[in-house]
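Sequences listed follow chains U and F, in order.
For the record, in the first sequence the residue sitting at position 148 is 148 according to this note's numbering, with numbers rising by one throughout.
For the record, in the second sequence the residue sitting at position 241 is 447 according to this note's numbering, with numbers rising by one throughout.
Since the hints were derived computationally from the structure, they do not count as laboratory data.
Where a beta carbon is used, it is the ideal one built from N, C-alpha and C, also for glycine.
Any given hint could turn out to be false.
As the list claims (entries may be wrong) - Reference excerpt, derived from the structure (chain F facing chain U, CB under 8 Å, subset only):
| hint | residue |
| --- | --- |
| 1 | A295 |
| 2 | S310 |
| 3 | D311 |
| 4 | K325 |
| 5 | Q334 |
| 6 | S338 |
| 7 | M516 |
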Amino acid sequence: MASRRRMLLKVIILGDSGVGKTSLMNQYVNRKFSNQYKATIGADFLTKEVQFEDRLFTLQIWDTAGQERFQSLGVAFYRGADCCVLVHDVNVMKSFDSLNNWREEFLIQASPADPENFPFVVLGNKVDVDGGNSRVVSEKKAKAWCASKGNIPYFETSAKEGLNVEAAFECIARNALKNEPEEEIYLPDTIDVANARQQKSSGCEC
Amino acid sequence: MQSVSNHYYQHQPVTEVGNGSSTEIESERLINSKYAGENGGASATSVSGADYVQEFSNNSSSVAEDGVLLGSAKSQWVPGNRHVDEDDASVSWRERKKHFFVLSDSGKPIYSRYGDEHKLAGFSATLQAIISFVENGGDRVKFVRAGKHQVVFLVKEPIYLVCISCTEEPYESLRRQLEFLYGQMILILTKSVNRCFQKNSKFDMRPLLGGTDVVFSSLFHTFSWNPASFLHAYTCLPLPYATRQAAGAILQDVADSGVLFTMLMCKYKVVSLVGAQKASLHPDDLLLLANFIMTSESFSPICLPRYNPMAFLHAYVHYFDVNTYLVLLTSSADAFFHLKDCRILIEKVLLKSDVLSEIQRSLLQGGLRVENLPVYPSTRPTSLFHLNEPRLVTGPQERLQEAFVGIGGPAGLWHFIYRNMYLDQYVSSEFSSPIAGHQQQKRLYRAYQKLYASMHDKGTGPHKTQFKRNENYAFSVVITVLLCWVTQDFELYAAFDPLADKGLAIRTCNRVCQWVKDVENEIFFMGGSPFVW
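With the sequences and hints as input, model every part of the structure.
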């Protein structure tokens with residue numbers, strides 16, 4: 001019934017340090033790019049409103065730090081996420097190899113109701129670097145991995161040039177929408193005074 | 207299990223001790239609103255033009271230091287107006303003196319006093335990050351001080367509540383206000399809402415709170431003018447003893463017909479209350495309920511958090527006039543017509559027994575006035591309703607009265623609040639002329655609030671008496687002397703003019719206590735019903 005209402009999506013961006021998570025977010029939210037590297041401390045938060053299929057979304061983007069010392073952000077950070085974005089640098093093989101760990105870590109911490117179908121998106125970033133000559137992770141390789149993990153959508157992006165960034169985030173919104181739970185009727189208990197005072201009766205014991 | 211009857215609210219250890227130097231420099235603007243800032247019947251004009259004092263930062267260039275708004279073009283205060291155009295990047299948002307936030311434990315915004323929750327999603331996430339970062343270390347964050355600002359946290363898994371304030375209110379007071387905010391939410395939704403989060407941590411609670419902005423904004427307003435919000439006690443409308451008895455009798459009849467709670471109220475003051483056997487009502491629930499109730503006849507599900515936080519009751523409300531209303535609480539969702547019949551019966555009896563007109567009379571006359579504090583031993587009759595008999599406006603007595611304007615009561619007594627520990631009730635004197643202004647009244651309440659917190663401080667207290675001069679009480683000229691006296695039976699909070707003599711003030715307080723005792727039948731609801739508070 002309330003399908004027209006504004007939705008807030010919690011989006012978590014994960015990946016090794018230096019793959020460009022913050023830059024992607026900045027490109028998407030502020031349409032800005034800086035060549036200077038500044039490590040994210042802990043986590044950064046940004047908000048972006050998007051319109052998609054006649055619906056208004058607010059993306060609450062959690063940009064996390066890639067450094068190992070911040071990797072124990074824990075349950076609280078991942079809790080209630082609507083989508084998880086895994087980022088790697090196509091010029092660094094290790095960052096691609098780490099994707100598996102990031103994905104598993106996320107599933108353990110966030111423990112979503114349906115881990116098989118939890119919406120992930122994989123981004124292969126920095127495709128602009130050196131005209132693609134220093135590239136070590138091929139599109140084919142990345143896509144194969146995505147396919148093996150339940151057909152995760154894959155995008156090749158350049159935060160610097162703004163390539164595919166918009167499309168990737170649109171996919172995030174679409175995925176999260178698909179995963180929207182059924183609207184439930186909110187039914188608290190009522191008090192049965194006749195039988196047992198202040199004992200809750202079973203309005204809904206589901 | 208919910209029949210909490212605590213006379214004394216157990217506080218967490220206090221981390222900040224009120225030292226009497228509240229440097230509260232506030233610039234506020236006076237705006238008309240439907241919320242009558244209860245400034246008593248002390249001045250006859252106060253009944254109609256109710257003012258609302260909006261909290262506003264003092265470093266805003268558009269507001270003069272004496273509190274007068276200069277650019278008052280957009281000054282109409284609308285209940286529930288939350289300035290949704292603002293977000294954490296807005297200067298005006300940052301300058302608001304007191305923010306309240308509610309968010310889920312996944313960092314999703316649920317409510318913000320100012321600004322649009324969606325636009326504050328990033329801010330909300332930051333708050334969650336702070337809370338969970340400390341929690342990861344096996345600890346719990348209570349508050350953070352940052353310059354003039356205090357950030358107070360309250361964790362009610364899976365809901366987080368945060369207050370950011372530069373009002374210099376003590377930590378305990380702000381935390382209590384967060385408790386009230388949580389309670390108000392429970393009153394609207396019940397704690398069963400937690401199950402939604404258990405099933406789905408992504409759950410968005412905001413739609414369930416749709417249309418309740420007015421309730422919350424009026425609650426925040428309550429924190430500034432209603433002593434019930436820090437005393438954990440309720441107050442009664444002063445009435446002749448026989449009148450209150452008559453009202454109680456008819457409410458009792460209805461209660462026997464299967465109504466859980468029956469209450470006759472005038473604004474936030476109790477006329478009479480009756481509960482079904484063993485059912486007890488907590489003063490905090492009463493405050494939240496009175497705050498939730500809207501005008502006109504209504505029937506709606508509500509939850510009393512201290513009675514049973516998991517379940518709904520159903521409230522039938524009917525207004526007899528602008529101020530006086532009846533609340534009937536039942537557990538049955540189908541009881542509307544039965545309750546309506548009850549109301550018709552009650553109304554008939556109340557009209558016949560003149561209760562409603564007595565209520566009107568009491569409203570006009572006001573309650574205890576410091577100017578009327580008797581001299582003991584007194585030969586005068588000890589009824590409030592003789593003392594306050596309407597005088598001829600042109601009579602010589604009235605002129606005598608006028609000579610006292612600006613002085614207040616004897617020995618420089620300006621105001622007092624007396625809290626009866628056994629009854630969980632308090633009585634507050636009317637505001638005398640030296641504190642006729644809204645800002646002065648608000649500051650006085652804040653000073654009482656601070657006094658309350660320091661009196662109940664586990665670290666340095668509990669104290670028995672405190673006599674303190676409020677040095678830089680305000681930026682302007684207002685300076686008061688406060689006296690607080692706590693015993694097993696009562697708590698007295700009194701405000702005197704700056705030059706008050708300590709010995710004289712103490713003697714005056716003794717007179718106040720004697721006076722309150724003499725008229726207790728009229729100012730307190732003495733029970734007589736099967737009430738277990």
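Hint-by-hint comparison with the structure:
Taking 8 Å as the C-beta contact cut-off toward chain U, the hint placing F/A295 at the interface is violated, the least distance being around 10 Å. Checking F/S310 against chain U by beta carbon gives a least distance of about 7 Å; that is within 8 Å, so the hint holds. A cut of 8 Å between beta carbons decides the hint on F/D311: the least distance to chain U is about 6 Å, and the hint holds. Satisfaction of the interface hint for F/K325 is found here, the shortest Cβ-Cβ separation to chain U being roughly 6 Å, below the 8 Å cut-off.
Residue-level restraint check for F/Q334 holds (minimum Cβ-Cβ distance to chain U is 7 Å; threshold 8 Å). Taking 8 Å as the C-beta cut-off, the interface hint given for F/S338 holds, the closest approach to chain U being about 3 Å. Here the hint on F/M516 is kept, as its CB sits about 5 Å from the closest CB of chain U, short of 8 Å.
In the structure shown, a violation is registered for the earlier hint numbered 1 alone.
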